[in-house]
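Novice: The primary structure of each chain is shown beneath.
Protein chains: 2
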Amino acid sequence: MESIHIIKIGGNVIDNSENLYHFLQDFTGLDGYKILVHGGGKVATQLSEQLGLEAKLVDGRRITDIETLRVVTMVYGGLINKNIVAQLQRFGTNAIGLTGADGDFIRTKKRPVKTIDYGFVGDIDEQSINPQNISRLLEAGFTPVFCAITHDGDGQLLNTNADTIASALAVSLARLYEVTLVYCFEKRGVLHDINDEESIIRDIDPHKYEELKKEQIIHSGMLPKLDNAFAAISCGVKTVIIGRSDELGRVKNNEPFGTRLTDHI
Amino acid sequence: MESIHIIKIGGNVIDNSENLYHFLQDFTGLDGYKILVHGGGKVATQLSEQLGLEAKLVDGRRITDIETLRVVTMVYGGLINKNIVAQLQRFGTNAIGLTGADGDFIRTKKRPVKTIDYGFVGDIDEQSINPQNISRLLEAGFTPVFCAITHDGDGQLLNTNADTIASALAVSLARLYEVTLVYCFEKRGVLHDINDEESIIRDIDPHKYEELKKEQIIHSGMLPKLDNAFAAISCGVKTVIIGRSDELGRVKNNEPFGTRLTDHI
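So the sequences go chain by chain: A and B. Straight run, no breaks: the first sequence in my numbering ends on number 265. Straight run, no breaks: the second sequence in my numbering ends on number 265.
Keep in mind that the hints were calculated from the coordinates and are not lab data. Be aware that one or more of the hints could be misleading.
Pairs involving identical chains hold if they fit within one copy or between any two copies, as the list cannot separate such chains.
As the list claims (entries may be wrong) - Listed next, the in silico DSSO-like pairs over lysine-lysine satisfying Cα-Cα at most 30 Å (straight line):
#1 K42 x K110
#2 K56 x K42
#3 K213 x K42
#4 K114 x K187
#5 K214 x K252
#6 K214 x K42
All chains should be built: construct the whole structure from the sequences, respecting the hints.
Specialist: Structure, rendered in structure tokens:
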């Protein structure tokens with residue numbers, strides 16, 4: 001089985017052009033197949049403000065109305081995505097920038113209205129991603145760069161969580177490749193002591209995860225991240241790494257990078 | 001040699017959602033390989049106005065400053081391109097939305113500053129397009145949808161004329177395919193009498209073109225369009241059609257569509 005890296009970056013990388021520049025260089029340095037998934041960043045909020053749109057929140061949850069969908073399609077699908085692609089091309093990665101509508105790569109269902117109408121938000125399910133379809137693009141020599149927009153197959157674009165896109169891609173492609181899923185966030189990894197960036201826990205398996213939870217070493221904000229990571233592993237993803245984007249270059253040098261989650265340490 | 005249609009649409013199709021809807025249905029109905037190239041439309045101008053940007057003109061020529069480049073990257077590369085892709089997917093075309101940066105498909109050179117600095121505008125030359133690169137995407141089963149943005153290979157996105165992109169794609173792909181290049185515009189074709197939409201000249205070859213120019217039947221605005229079309233034909237493009245987007249469906253029915261330009265009638 002060939003290997004693939006699927007790497008998710010968020011606003012903390014995208015909003016800082018120097019961080020982004022170095023990250024994209026390190027991404028280019030990774031061997032084998034790879035996919036980049038990027039979230040939003042401040043630019044969408046700034047553009048919304050410039051256009052006089054108010055952020056719509058219901059019970060503290062963000063709503064994607066039609067105007068917000070236009071803004072994220074412009075900013076995530078256009079401005080951020082295409083600038084990342086142009087930078088990657090500069091470094092020699094044959095990147096191709098995508099939403100889930102392109103190539104029908106990620107088809108989602110508009111979130112049903114229950115107590116809250118989230119608007120134009122798409123939820124991923126088991127049928128959302130056809131791994132053969134993405135494999136054809138990879139094998140034609142292209143490196144996909146996904147923004148956090150999908151479609152419903154009926155002409156409607158939908159806003160979709162970038163973390164979820166990354167893990168769904170990883171699970172889906174695990175049928176064809178040996179997948180390493182990397183979540184870049186603001187810390188160097190899962191830390192023993194949240195105030196000590198040196199206290200990285202290098203390896204966690206499900207058994208150790210249970211222990212760390214019992215000892216309350218893993219704090220509440222990390223729980224959903226790690227739950228999702230272990231869910232991906234239980235669905236066939238080989239490794240999930242949680243780390244800081246500026247340390248991605250360590251992968252190439254076989255140095256320890258972030259916290260590695262696997263089925264067995 | 002397999003055949004390919006390369007179709008260029010402009011603002012008159014993009015700005016009218018009903019026209020666009022029908023056009024994309026007809027585009028889906030075309031057999032064989034195909035590529036769509038789209039220009040801008042009013043949305044970019046509207047967004048610029050909303051953001052308080054003034055259109056920059058020097059000697060009547062539009063300048064692409066850095067703010068304008070941001071707007072067109074958002075509108076052409078994001079909003080328009082991805083909505084066209086989502087609609088095409090709905091109709092069953094496996095579209096993939098692109099700038100020239102994606103896949104390194106169209107690499108241009110920033111226009112040199114002579115008397116006017118046009119800003120972030122990219123000019124196409126003979127090295128801009130690698131037909132094998134695009135062919136790999138077509139043969140992997142995808143239908144490219146290009147917006148009018150390219151890159152310089154050094155990380156810079158550049159605004160590029162959509163008509164020129166369409167003809168450069170046609171000339172480049174003529175090495176691998178039998179190419180029909182279709183320019184959609186507001187008239188049904190080249191007209192004997194500009195006020196009579198029934199007076200379509202169905203076929204023109206270089207000899208007839210010279211006659212029509214002598215008789216002053218072809219008016220000044222059409223001259224650059226036809227000059228460019230015959231230049232493409234002299235570089236190996238089989239047929240250029242100039243017609244109205246709502247009549248594209250005639251191609252499938254083998255009915256006459258627009259004005260056909262060929263090497264020999």
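Novice: State for each hint whether it applies.
Specialist: These are the hints, each one checked on the structure:
no., hint, verdict
1, K42 x K110, "both (25 Å within a copy, 29 Å between copies)"
2, K56 x K42, "both (16 Å within a copy, 27 Å between copies)"
3, K213 x K42, "neither (33 Å within a copy, 55 Å between copies)"
4, K114 x K187, "neither (35 Å within a copy, 49 Å between copies)"
5, K214 x K252, "neither (34 Å within a copy, 67 Å between copies)"
6, K214 x K42, "neither (36 Å within a copy, 59 Å between copies)"
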